[in-house]
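Asks: Here is what each chain is made of, one letter per residue.
There are 2 protein chains.
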Amino acid sequence: MHAFDVLGDPVRRRILELLARGERTAGGIGEVIQEEFGISQPAVSQHLRVLRDNGFTTVRPDGARRLYAVDPRGLREVDEWLAGFRRFWAPKLDALATELARGRRARRAQPPTEDRSTR
Amino acid sequence: MHAFDVLGDPVRRRILELLARGERTAGGIGEVIQEEFGISQPAVSQHLRVLRDNGFTTVRPDGARRLYAVDPRGLREVDEWLAGFRRFWAPKLDALATELARGRRARRAQPPTEDRSTR
DNA sequence: TGGTTATATAAGTATCGGCTGATATAAGTG
DNA sequence: CACTTATATCAGCCGATACTTATATAACCA
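If you're matching them up, the sequences are chains A and B in order. The C-terminal residue of the first sequence carries number 118 in numbering that gives the first Met the number 0, and the numbering is unbroken. The C-terminal residue of the second sequence carries number 118 in numbering that gives the first Met the number 0, and the numbering is unbroken.
Rather than coming from a laboratory, the hints here were simulated on the basis of the structure. Glycine residues also receive a C-beta, built at the ideal position from the N, C-alpha and C atoms. Hints may contain errors.
[What the hints assert, rightly or not] One side only, chain B facing chain A, incomplete, derived with CB under 7 Å:
1) Phe3
2) Arg23
3) Pro71
4) Ala82
5) Gly83
[Stated by the list, open to error] Label pairs and their calculated CB-CB ranges:
6) B:Gly26 - A:Phe87: 21 to 29 Å
7) A:Ala25 - B:Thr57: 20 to 28 Å
8) A:Arg64 - B:Trp88: 20 to 28 Å
9) B:Ser39 - A:Arg64: 29 to 37 Å
10) A:Ser39 - B:Arg72: 29 to 37 Å
11) A:Ala63 - B:Glu22: 52 to 60 Å
[As the list claims (entries may be wrong)] Here's a subset of chain B near chain A, in silico, CB distances under 10 Å, partners left out:
12) Arg48
13) Trp80
14) Arg85
15) Trp88
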């Protein structure tokens, strides 16, 4: 599943927003999500699986509980794709600062590329 | 359709990559996409519609042709959601520069919020 | 004007992803 | 141990959405 498909679901985006504030147990996430979206525990668990299978979260066991946290990898992937377009709205200073901070990777002002081998 | 759903499709992402290099006619886009993905002209046209209906492209008529170009609005929306997470991987300098360049909007270091009224 | 080119829309189908309910697994607790 | 709590998985259903073919619309051209 592509990173953008992962973020295509509002429940998963919301879970990430919760995790942005810090680690939470699956149950803690479940309480909020089930309340806000009116879906079942398995549904939440399935979303957590998608997030973890695609590098958007990490999990750490704590007894019977699972502590979820944001894993930057997935989000960074999305951010990097976006980088190729940022010049369309961000002032030059922003782009420059971003480039600098990133250690001068990807110097070109070209559109990003992506694997098109599938489909 | 949510911005992330729009970018969830590989064809649409590819179209945006093409447009990142500059304006193109629907037909010009079609040639590339039909070749790369093996889909029909109407399929491409339908993707273009999604992109334009959701603020990812602009269109300008030129006789019988339609010239498509990147519209920053959709992409910026995605970028702003991501901003709330950038601190998880970007060095502080980067975040600071971004904030500055953006004119100090959204000063807090909080996760982004999104409309949850639907669903 | 009639024919061709450029693009969009419509209607129908099929695949895919998300949901539910049932159940499995494993860790706490008395 | 038996019972409960915490979380995950499974099978099956259902709706959304990305295709297809056929057709509409409109500009260009001889």
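Asks: Could you run down the list of hints and mark each one as holding or not?
Replies: Now for the hints, and whether the structure bears them out:
1. Phe3: holds (4 Å)
2. Arg23: Nearest chain A Cβ about 12 Å off; hint violated.
3. Pro71: Given a least distance of 4 Å, the restraint on Pro71 of chain B holds.
4. Ala82: violated (9 Å)
5. Gly83: holds (6 Å)
6. B:Gly26 - A:Phe87: 21 to 29 Å: Since the Cβ atoms of Gly26 of chain B and Phe87 of chain A sit about 23 Å apart, the hinted range of 21 to 29 Å holds.
7. A:Ala25 - B:Thr57: 20 to 28 Å: Since the Cβ atoms of Ala25 of chain A and Thr57 of chain B sit about 43 Å apart, the hinted range of 20 to 28 Å is violated.
8. A:Arg64 - B:Trp88: 20 to 28 Å: Roughly 26 Å apart at Cβ, these two residues keep to the hinted range, so it holds.
9. B:Ser39 - A:Arg64: 29 to 37 Å: Cβ of Ser39 of chain B to Cβ of Arg64 of chain A: about 50 Å, so the range 29 to 37 Å is violated.
10. A:Ser39 - B:Arg72: 29 to 37 Å: holds (36 Å)
11. A:Ala63 - B:Glu22: 52 to 60 Å: holds (57 Å)
12. Arg48: With a closest approach of 18 Å, the Arg48 of chain B hint is violated.
13. Trp80: holds (7 Å)
14. Arg85: holds (7 Å)
15. Trp88: holds (4 Å)
Of the numbered hints stated above, those contradicted by the structure are hints 2, 4, 7, 9, 12, listed in ascending order.
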